[in-house]
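Peer 1: Taking my numbering, the leading residue of the sequence shown gets 1, the next gets one more, and so forth.
In case anyone wonders, no lab produced these hints; they're calculated from the structure. A portion of the hints provided could be inaccurate.
To be verified - Here are the simulated distance ranges between beta carbons:
1. E5 x V177: 43 to 53 Å
2. L13 x D181: 53 to 63 Å
3. P266 x V177: 49 to 59 Å
4. T42 x L300: 28 to 38 Å
5. D317 x K184: 30 to 40 Å
Stated by the list, open to error - Distance condition first, Cα-Cα at most 20 Å in a straight line; then the derived PhoX-like pairs of lysine-lysine:
6. K282 x K259
7. K192 x K225
8. K282 x K254
9. K184 x K225
Quick caveat, the model's predicted, so the values are computed rather than measured. Yeah, the Cβ is synthetic: ideal placement off N, Cα and C, and Gly gets one too.
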Amino acid sequence: MLIPEFWAEATQLLQHDNRQQTIRRFGWSNQNEAEAFAMAQTRLHDAIQRLEQGEQIYLREHHAVYNGAFGVPIREEILARYDEEIISRNGYGAHCLNTPRVLFADIDFEEQTATNIGQGSRVFWALLLTVLGILSSYFLFADWLGRGLYLVVILFLIFKWSAKQNKKQNNTAQPQVDPVDAYKQRLALFLKQHPLWNIRLYRTPSGLRLMATHQFFAANDPVVKDFFDFMGVDAVYAQMCIRQQCFRARLSAKPWRIKGFQQERPRTLWPVAAHQQELRQKWIAQYEQQAAPYAACHYLEEMGSSRVDRQLASIIDLHDRESKAHYLERPIA
1 MLIPEFWAEA TQLLQHDNRQ QTIRRFGWSN QNEAEAFAMA QTRLHDAIQR LEQGEQIYLR
61 EHHAVYNGAF GVPIREEILA RYDEEIISRN GYGAHCLNTP RVLFADIDFE EQTATNIGQG
121 SRVFWALLLT VLGILSSYFL FADWLGRGLY LVVILFLIFK WSAKQNKKQN NTAQPQVDPV
181 DAYKQRLALF LKQHPLWNIR LYRTPSGLRL MATHQFFAAN DPVVKDFFDF MGVDAVYAQM
241 CIRQQCFRAR LSAKPWRIKG FQQERPRTLW PVAAHQQELR QKWIAQYEQQ AAPYAACHYL
301 EEMGSSRVDR QLASIIDLHD RESKAHYLER PIA
């Protein structure tokens, strides 16, 4: 796992393809800024060489939600260190637990939209038939009385058809399955094949968080990929885990889920430029105050062998304390 303490950026303006272009590259270090800047210059020189050789390159390195999924180390402010674990602040301000050895997997539930699609389809056809009825009445009848009676019959038939379709759907509709129960059933199948595993389950605003407690894992362990694939873990998160050799779990609220918090986040990226630091600190202070009453997740239960690695217990406590997982009266955000 690599979450550097120090970052620096090197830039160079050059003439290419008959126009001026600025190339930017970051460097990083856990020692000091000078070492980070030296690395940035080396990476900048390499990028310029590749550009001059005709290779297509990015002029600058973009920052994404999982920026670590694209080869560059996780570029975030480090808030705290606990042994091998690091708590950082992500791009939208939330606290995140980064660990090279504890398997975390967040699962977002897919929205159930089949019923809405069916209803929308019926509305579309009803409107289309009504329009066609109006148009055809002008060709079939010369007087308004005939047209009116014809449209009444058409609308009556459309109403009868729609009612029949509703009744048919109600008779054939499958009962909605609680997505938590559905994923618990899926997890139970995996645990049946892996009887030594033990998983803690947490409810998140959009799904579930799973935490393995029976042993430590490396992110490139083949069984981790099997678990991610079986449970339907986000592909970009899975890629980040492999490239950065770590797992992540958000510990504080997403700003847009905090009721009444409308303060626009300043468009600053880490490391923050000197002229933007005051604005960023002001926003962070407001965010921390507004996020305090919220939990990031709620603890649900434990499934599996009930085994908890002795060295892992402190990380469970760290996660549950920082995410407020046992404050079930607090809204999750």
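Peer 1: Look at each hint and say if it fits the structure.
Peer 2: Hint check results:
Between E5 and V177 the beta carbons are some 46 Å apart, a value that agrees with the proposed interval 43 to 53 Å. A hinted range of 53 to 63 Å holds for the C-beta pair L13 and D181, which are about 59 Å apart. Checked against the hint of 49 to 59 Å, the pair P266 and V177 fails, with Cβ atoms roughly 42 Å apart. Between T42 and L300 the CB atoms are about 48 Å apart, so this pair departs from the stated range of 28 to 38 Å.
Distance hint check: the CB atoms of D317 and K184 are about 24 Å apart, inconsistent with the given range 30 to 40 Å. For the hint pairing K282 with K259, the CA-to-CA distance comes to about 19 Å; that is within 20 Å, so the pair holds. Taking the CA atoms of K192 and K225, the gap is near 17 Å; set against the 20 Å cutoff, the hint holds. The hinted pair formed by K282 and K254 meets the criterion: a straight-line CA distance of about 17 Å does not exceed 20 Å.
The hinted pair formed by K184 and K225 meets the criterion: a straight-line CA distance of about 19 Å does not exceed 20 Å.
This entry does not satisfy hints 3, 4, 5, going by the numbered hints stated previously.
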